[in-house]
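Visitor: Spelled out from the first residue to the last, the chains are:
Number of protein chains: 4
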Amino acid sequence: MSTIGFLGLGIMGKAMAINLVNAGFDVTVWNRNPAKCEDLVAIGAKLGTSPKSVAERCDITIAMVSDPAAALDICNGPEGVVAGIGEGRGYIDMSTVDDDTSSLISNAITQAGGRFLEAPVSGTKKPAEDGTLIILAAGDESLYQDALPAFDVMGKMSPYLGEVGQGANMKLVVNMMMGGMLSIFSEGISLGLKAGLTGEQILDVVNAGAMANPMFKGKGAMFLEENYTTSFPLKHMQKDMRLAVALGDKLDQPMPTAAIANEAFKQALKAGFGDEDIAAVYKTVK
Amino acid sequence: MSTIGFLGLGIMGKAMAINLVNAGFDVTVWNRNPAKCEDLVAIGAKLGTSPKSVAERCDITIAMVSDPAAALDICNGPEGVVAGIGEGRGYIDMSTVDDDTSSLISNAITQAGGRFLEAPVSGTKKPAEDGTLIILAAGDESLYQDALPAFDVMGKMSPYLGEVGQGANMKLVVNMMMGGMLSIFSEGISLGLKAGLTGEQILDVVNAGAMANPMFKGKGAMFLEENYTTSFPLKHMQKDMRLAVALGDKLDQPMPTAAIANEAFKQALKAGFGDEDIAAVYKTVK
Amino acid sequence: MSTIGFLGLGIMGKAMAINLVNAGFDVTVWNRNPAKCEDLVAIGAKLGTSPKSVAERCDITIAMVSDPAAALDICNGPEGVVAGIGEGRGYIDMSTVDDDTSSLISNAITQAGGRFLEAPVSGTKKPAEDGTLIILAAGDESLYQDALPAFDVMGKMSPYLGEVGQGANMKLVVNMMMGGMLSIFSEGISLGLKAGLTGEQILDVVNAGAMANPMFKGKGAMFLEENYTTSFPLKHMQKDMRLAVALGDKLDQPMPTAAIANEAFKQALKAGFGDEDIAAVYKTVK
Amino acid sequence: MSTIGFLGLGIMGKAMAINLVNAGFDVTVWNRNPAKCEDLVAIGAKLGTSPKSVAERCDITIAMVSDPAAALDICNGPEGVVAGIGEGRGYIDMSTVDDDTSSLISNAITQAGGRFLEAPVSGTKKPAEDGTLIILAAGDESLYQDALPAFDVMGKMSPYLGEVGQGANMKLVVNMMMGGMLSIFSEGISLGLKAGLTGEQILDVVNAGAMANPMFKGKGAMFLEENYTTSFPLKHMQKDMRLAVALGDKLDQPMPTAAIANEAFKQALKAGFGDEDIAAVYKTVK
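Chains as they are written, first to last, in this note's numbering: chain A, 1 to 286; chain B, 287 to 572; chain C, 573 to 858; chain D, 859 to 1144.
Worth flagging that the hints you see were computed from the coordinates, not collected in a lab.
Be a bit skeptical, because a hint or two may be false.
[As the list claims (entries may be wrong)] Covered by chain C, per the in silico footprint, the following chain B stretches (three or more residues, Cβ under 8 Å): (1) 529 to 543; (2) 552 to 566.
[As the list claims (entries may be wrong)] In silico DSSO-like pairs for lysine-lysine, Cα to Cα no more than 27 Å straight-line: (3) C:K807 x B:K525; (4) D:K1144 x A:K239; (5) D:K984 x B:K572; (6) D:K984 x C:K789; (7) B:K525 x B:K412; (8) A:K286 x C:K855; (9) B:K525 x B:K442; (10) D:K1128 x B:K480; (11) A:K194 x C:K822; (12) C:K766 x A:K235.
Even for Gly, the Cβ is constructed at its ideal location relative to N, Cα and C.
Input sequences plus hints: build the corresponding full structure.
Guide: So this is what it looks like as structure tokens:
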């Protein structure tokens, strides 16, 4: 069983690391603010002193940080992952980062002799806690094989998607579809209510039919309760839709529905709902 | 247990009537081409000689015919339902008809002393056979109560939605959402394929996540097999999306995503795919 | 020179009738509220007592009323145009009416032995006063030829467009393009302002280039002054865009840009700007 | 009168430089392929040996090259503009380049002591020859003042738009509006033709009304002749629309009509019309 390093103990990372420890992995954790490591150490994790020292000590080091800048930060510098990775050890960035950042990190790790995987996830806090994330892995295939036991603990599926970049692409495809679905769902609920149907009637019918899906169940209830507690921030969804449309532009793939759904999310952003849940797109539609 | 008349034994009607007979209802059938009644008679149904005679004889008469013209036709004239309905008996039109047709029939039945329900269904051949249709009932509430045992045999849910017109409105809301979902799904699959992912990878990830739904499973497989065998004809979907957008116009409800998805289906219609399955919208997107 | 009857002396009709009188035509006027006839009589028009009597007396009777209901009203009944039109005289409806209304009137006039033209106009109060309307004539071609001298007084162009219905179709085509242009113009101005350009800079550049057009000059100034004084009510434009999109639906012509511009106008309608000028679409875009 | 250097004698640059020489300016020209300088020298221009030598010799050096790479190329290196610009002399890049390229050049020139203006133009070959370009100047205001006499020769208007970047932004705003207008115009013509109107009738009515503009006149004739001879390549228009939509994304400005028009141009690009004129968008709409 590989020894695992885990960098970044935010909401997502902490839940994932706990699952690894509980599954019996030898886990060494590090976080910029070390106080967040305490709960992990309490259940048996070791405490790392820097990204470099974690990468030196572990077979596979996993990062789950909040943005591209943080992802670069823990890699670079005298105390960064690159300085410690050495020959043949593995580094897996599970953060959501853009193409350029992923390439930069991939190149730096590879040139230092390490193996690299990008592995962004689909799913939020609850699936992270339940170990039911969808892990979109791409990059070094031998590292993917080595990491599978850990992926199996953190997620319910973890397909290998090809070279670095394909994990990010899959995430854009998935999120763009989610955004489009939320947009048409918002319009459908709004139309039905204006026509005199009740929200419960509409949701019951939708939930019973061929369209029934967990997202509509969850977000539909939020629409009717006017509850937009953030599970996935709207501004992040809009960013992904923008990137998906841009990818379509690059690949000469027309995507009118996605383009218009993106505008709906932009409208919500303009209205000041960027930090609320993606469900808040409904507020500008209704 | 009410005696049931059943007018129209096409693909849908035949399956629904068989279920009623098999459930023990006393069913009298009629079809324009009487040959189609044989299978029903063979399992115990009685043979009616005209819509009028069926309506005279049965507590509740159900119609399931192909279009508004046929729906009007079986109601009017000396041998029509209206001539036979009499005081207090019930008539349920489960065909998909427009608002105006539904109002005409509702008024004619009511003026003749009968009770009326519109009850269009969501679901195609398989759910009709399995008794898992979604029945969208609206109109006379006492008739709805009387018809519930029959609805329970034909469908898995049959909410009462209010006055005549609300069944049709719910169907537009549902179909508009389905059309929008198919449009964004087509774009997502197309984008993923152009980016180098495989169709199987994309469908696996979608089917594992919060968006997973029976329609994507079914239609996604059809996309990849380039199989557009008609289950729900594309031209009917486009008609419903057009009517949904028109309803939004009437109710001052902006629906940009629906409007654009409607244009995608129009593009498919223009390309000659109107009689293929709704999945054929993918052919003009990819 | 034909004798001309003129029914309807609202803002548009009055200006058009004055031009006919001033050009030397023998004009008989009628208006529901007869007080509005005084100014016309003062400059030499004769006073009609009913639509019927006007139609009886004049070679060509023109109507310019506010809506389809009024257009039907002056035709029907014992004092209506149809009762007076007789063999070979001409009736020209210059009001903006829908297809069905136009067909009803056309049939009634024709069956009474009269000749019929629909001739909706493009242009508002100022062009009506200046005699520079665009007259979109369709129907009886001999009547068109007879009416040309009068059209030349009221408009700057009056093409003959074919059978009844084509005048209305042309008007939809024209108004749909205007709506689309206003929508993209609103977005362009909004984008430029957000990017730090001034409105004057943008309008100057637009007005100097290949896109320069009278509408942008006029509406652009209104945007910057936040002046939405009604020249063409937004709700009428939205209605025409809706009808244009519906016509495209009927003819299998995809029109995504028009469909989306229609949604922008619906948004403005929902925001309560229906009675303001079409320029008010800018308020929901900016 | 300032001495003028002119770098880049393609279709646009040659026409512009000829106008400067003919207006009496002391012009020194340079082109990567020196053969293209002959016509200029024949009418009195001096021949420069490198971008550096031109920049050293002239008060103001103007560049008009084909793309960002070429724009960077003539600036950098031992023989580039930056090496020769020196204290206080001016450099004006009239090429169409992206933000980043413009910033790089601006910084390099400024650090070398020079003054910089970006001044992309709106207009193609004919306006370049006629001296009726629209010049969108932004950057050093004193250089703008010095360059005005030359701008007046090359263009019909040359507003000063603010700091570096605003010239490019204005160009995006203008081109996005043009793209949107072409898209709605294509739909309108297509709808009218399908409804049975003739192209001539539609264009006549449009050209007579409030929407009349030179672009519709020119492109409308091209639609009807199915002539897509390139004046402005479709792929460049699509690029500008994409950048405009991206700018809107950055500034939280929803732009649904522009987003959808962009998709229409993408559709045309996918169909292989990228090197044809922007009018070719009509081929995918009709």
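Visitor: All the hints need checking, so say for each whether the structure fits it.
Guide: Structure-based check of all given hints:
Only residues whose C-beta sits within less than 8 Å of a C-beta in chain C count toward coverage, and the segment 529 to 543 of chain B has 9 of them, enough to reach three; the restraint holds. Look at the segment 552 to 566 of chain B against chain C: 4 of its residues bring a Cβ nearer than 8 Å to a Cβ of that chain, three or more, so the hint holds. Pair hint C:K807 plus B:K525 holds up; C-alpha atoms about 25 Å apart against a cutoff of 27 Å. At roughly 33 Å between alpha-carbon atoms, D:K1144 and A:K239 are farther apart than 27 Å, so this suggested pair is violated.
Of the pairs offered as hints, the one joining D:K984 and B:K572 is violated, with about 39 Å between alpha carbons and a cut-off of 27 Å exceeded. Restraint check for D:K984 and C:K789: the C-alpha separation of about 24 Å stays at or below 27 Å, so the hint holds. For the hint pairing B:K525 with B:K412, the CA-to-CA distance comes to about 22 Å; that is within 27 Å, so the pair holds. Taking the CA atoms of A:K286 and C:K855, the gap is about 18 Å. The hint holds against a cut of 27 Å.
Straight-line distance between C-alpha atoms of B:K525 and B:K442 comes to about 26 Å, which keeps the hinted pair within the 27 Å bound. The suggested pairing of D:K1128 with B:K480 holds, with an alpha-carbon distance near 12 Å, which does not exceed 27 Å. Distance check on the hinted pair: A:K194 and C:K822 sit about 26 Å apart at the alpha-carbon level, within 27 Å; holds. For the hint pairing C:K766 with A:K235, the CA-to-CA distance comes to about 19 Å; that is within 27 Å, so the pair holds.
Checked against the numbered hints given earlier, the structure breaks hints 4, 5 and satisfies all the rest.
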